[in-house]
Amino acid sequence: MNLPEWLKVSVPALTPERGVKEPGFIKKNLEEIASLMRWMMDTEESAGRRGLLQTFDPRARILGILFLVVATAVTGNTIGFVSIMIIILLLSYLSSVGITDMVGRVLPSFVFTGVMVLPALLSIVTPGTHILTIMIGTKEIGITYEGLRTAGTLLVRVTMMVSLVALLLLTTRQADLFTGLRGLPVPAFLVTALFMAFRYIFILLRMAEDVNLARRSRTIDHGLLRDTQGWFASRIAFFVERSMKMAEDISMAMCSRGFTGEIKGMDMDGMKRRDYLWLGGTSFVFFIILGLY
Amino acid sequence: MHIPDGYLGPKTCGIFYLSMVPVWYLASVRIKKTLGFRYLPFLALASAFTFIIMMFNFPIPGGATGHMVGGTVVSIVLGPWAGVVAMSLTLSLQALLFGDGGITSLGANSFNMAFLMSFTGYYTYLLITSRSASPLRQTIACAIAGYLSVNITALAVAFELGIQPMIAHASDGTPLYAPYPLSITIPAMMIPHLLFLGPVEAFGTALVVSYIRKREDLVFHRHKEDLHLAPLYRVLIFLVLLTPLGLLAQGVPWGEWDIEGLKSLTGYVPSGMERLNSLWSGIMPDYTIPGLHSDTGSAIGYVISALVGSVTVIGLVYLWGKVWHQR
Chain A
1 MNLPEWLKVS VPALTPERGV KEPGFIKKNL EEIASLMRWM MDTEESAGRR
51 GLLQTFDPRA RILGILFLVV ATAVTGNTIG FVSIMIIILL LSYLSSVGIT
101 DMVGRVLPSF VFTGVMVLPA LLSIVTPGTH ILTIMIGTKE IGITYEGLRT
151 AGTLLVRVTM MVSLVALLLL TTRQADLFTG LRGLPVPAFL VTALFMAFRY
201 IFILLRMAED VNLARRSRTI DHGLLRDTQG WFASRIAFFV ERSMKMAEDI
251 SMAMCSRGFT GEIKGMDMDG MKRRDYLWLG GTSFVFFIIL GLY
Chain B
294 MHIPDGYLGP KTCGIFYLSM VPVWYLASVR IKKTLGFRYL PFLALASAFT
344 FIIMMFNFPI PGGATGHMVG GTVVSIVLGP WAGVVAMSLT LSLQALLFGD
394 GGITSLGANS FNMAFLMSFT GYYTYLLITS RSASPLRQTI ACAIAGYLSV
444 NITALAVAFE LGIQPMIAHA SDGTPLYAPY PLSITIPAMM IPHLLFLGPV
494 EAFGTALVVS YIRKREDLVF HRHKEDLHLA PLYRVLIFLV LLTPLGLLAQ
544 GVPWGEWDIE GLKSLTGYVP SGMERLNSLW SGIMPDYTIP GLHSDTGSAI
594 GYVISALVGS VTVIGLVYLW GKVWHQR
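Protein chains in written order, with my numbering: chain A, 1 to 293; chain B, 294 to 620.
Accuracy of the hints is not assured; some may be wrong.
[Unchecked claim] In the EDC-like style, the derived pairs of lysine to aspartate or glutamate whose C-alpha atoms are separated by at most 16 Å in a straight line are:
id, chain 1, residue 1, chain 2, residue 2
1, A, K28, A, E209
2, A, K28, A, E140
3, A, K27, A, E209
4, B, K325, A, E248
5, A, K27, A, D210
6, B, K507, A, E241
Calculated from the structure, these hints are not laboratory results.
Generate coordinates for the entire structure from the input sequences, incorporating the hints supplied.
Here you go:
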């Protein structure tokens with residue numbers, strides 16, 4: 001294999017003249033890769049527990065949760081929100097989903113949305129009946145009832161929708177998720193491509209971890225910004241190269257095993273009575289909320 | 294840039310899903326035609342490296358870091374259609390497995406980051422390099438494409454969020470979804486993108502593509518072949534951009550008037566239409582049971598309508614399962 005020219009350029013050795021300090025982006029990359037790996041392992045561990053949702057067929061589980069997600073998206077009244085909230089809590093409890101796992105997945109969206117909606121509380125954004133008034137100079141700014149309602153509605157809706165998706169992830173093994181999608185009216189090639197992409201992400205993540213670790217172990221100083229940016233770009237080019245080579249190898253392997261471009265899925269068992277009951281229940285909630293919309 | 298669940302109303306989400314279905318279909322047909330049986334691993338790997346690009350931190354002055362969206366890099370290297378599918382697959386995985394972005398907003402996110410970004414970035418790059426493709430021109434083209442595409446995408450996101458208070462609100466006018474109007478969402482999205490995130494995307498795109506270009510065998514998408522199709526794509530982009538404008542329309546859609554609406558518009562109702570109007574109004578019109586007009590009756594009507602809906606869903610799923618089983 002011919003080495004590219006940029007790989008042959010020798011970079012002068014860095015010396016710890018300004019003290020040992022590793023570049024922040026390497027540390028962040030490694031932290032993010034580790035966090036992603038941990039996230040996926042935690043999800044698999046939780047999905048392996050015994051519980052109500054875990055007993056349903058993956059197709060029914062996905063479809064049922066989707067009914068509830070769309071119901072949450074549609075609802076605009078307190079009864080709807082409270083009903084779905086109770087359903088989420090019940091499902092979490094009956095499916096042995098730990099509160100820590102759930103909070104870990106919901107908290108980032110909750111905090112982000114919470115901060116994002118703060119200005120909507122104020123009368124300058126959402127005029128209405130003042131609940132609390134603050135004087136800034138000669139100007140009167142207040143928290144309005146309408147602002148509180150707007151912010152509250154969005155925060156509750158987002159938290160509940162994220163909770164439902166988290167519930168699906170925490171009760172479904174990754175392989176089952178793709179099996180479930182295959183059983184739904186999603187084009188087979190899309191599901192297969194998704195599944196393959198998911199697998200390759202982990203291979204590329206391991207590679208990304210290796211290149212970042214290698215860089216970190218050789219780094220004793222920040223170095224020039226130009227060099228670190230060059231390193232970033234060269235690594236992305238490396239990933240593109242590896243990905244395309246891997247795609248070529250895999251397509252040849254698939255061809256040698258008789259793949260002609262047509263995707264054939266494995267036969268799946270039919271759904272059981274409890275799956276239909278679950279679908280009936282969730283779709284009932286969905287239609288009730290749609291009626292109230 | 295990822296819009297989470299709950300920020301967009303159901304109508305907006307539905308419109309974007311519907312807008313993206315033909316794009317996904319067209320993209321998959323074109324990719325299958327171009328790559329033959331190799332399309333599957335190619336798309337999967339393209340999606341995986343798109344995920345990695347989005348995850349890597351890009352070093353910027355002052356010791357800070359930023360993330361690239363990477364849509365322009367992917368579309369320049371792989372072509373716009375492959376870019377659309379690779380990016381959509383990445384966004385789907387992020388929404389389904391990593392909780393990043395929403396499931397209901399996946400159509401909108403794909404429209405913004407997969408479709409809009411890929412095509413804007415690709416055709417900007419193509420237009421600038423069409424006459425001369427010197428390395429310097431290519432680098433400048435990548436930077437401009439990266440900057441422009443990320444800003445247009447940000448503008449689309451700002452627009453989608455900003456119209457929510459107008460189109461999805463309670464009876465008293467309280468917004469039910471994203472609460473800020475266009476006068477707030479546009480500056481809130483555009484100022485950081487024009488001043489900070491745009492330059493990061495521009496510089497990152499130029500740098501990454503310049504490194505990729507050093508390996509001639511990697512740039513396998515032949516840009517010149519697409520030149521004659523450019524006007525068609527631009528028209529397509531323009532038409533798709535206009536699609537969400539329908540959300541702003543008030544009142545009844547043209548041609549979907551009821552009898553009273555038609556009478557107020559034309560002054561009369563054609564006799565045939567009047568006769569046919571009462572022919573079929575659904576088993577339970579407006580979620581009510583004929584004859585039950587009290588509050589309790591309406592409530593019962595809602596519950597029974599929901600039950601009928603549920604039973605229909607179960608029946609359809611059962612039938613689908615049977616059909617699927619036989620295939």
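Open item on the list: Run through the hints listed earlier and report the numbers of any the structure violates, in increasing order.
Closed with: 2
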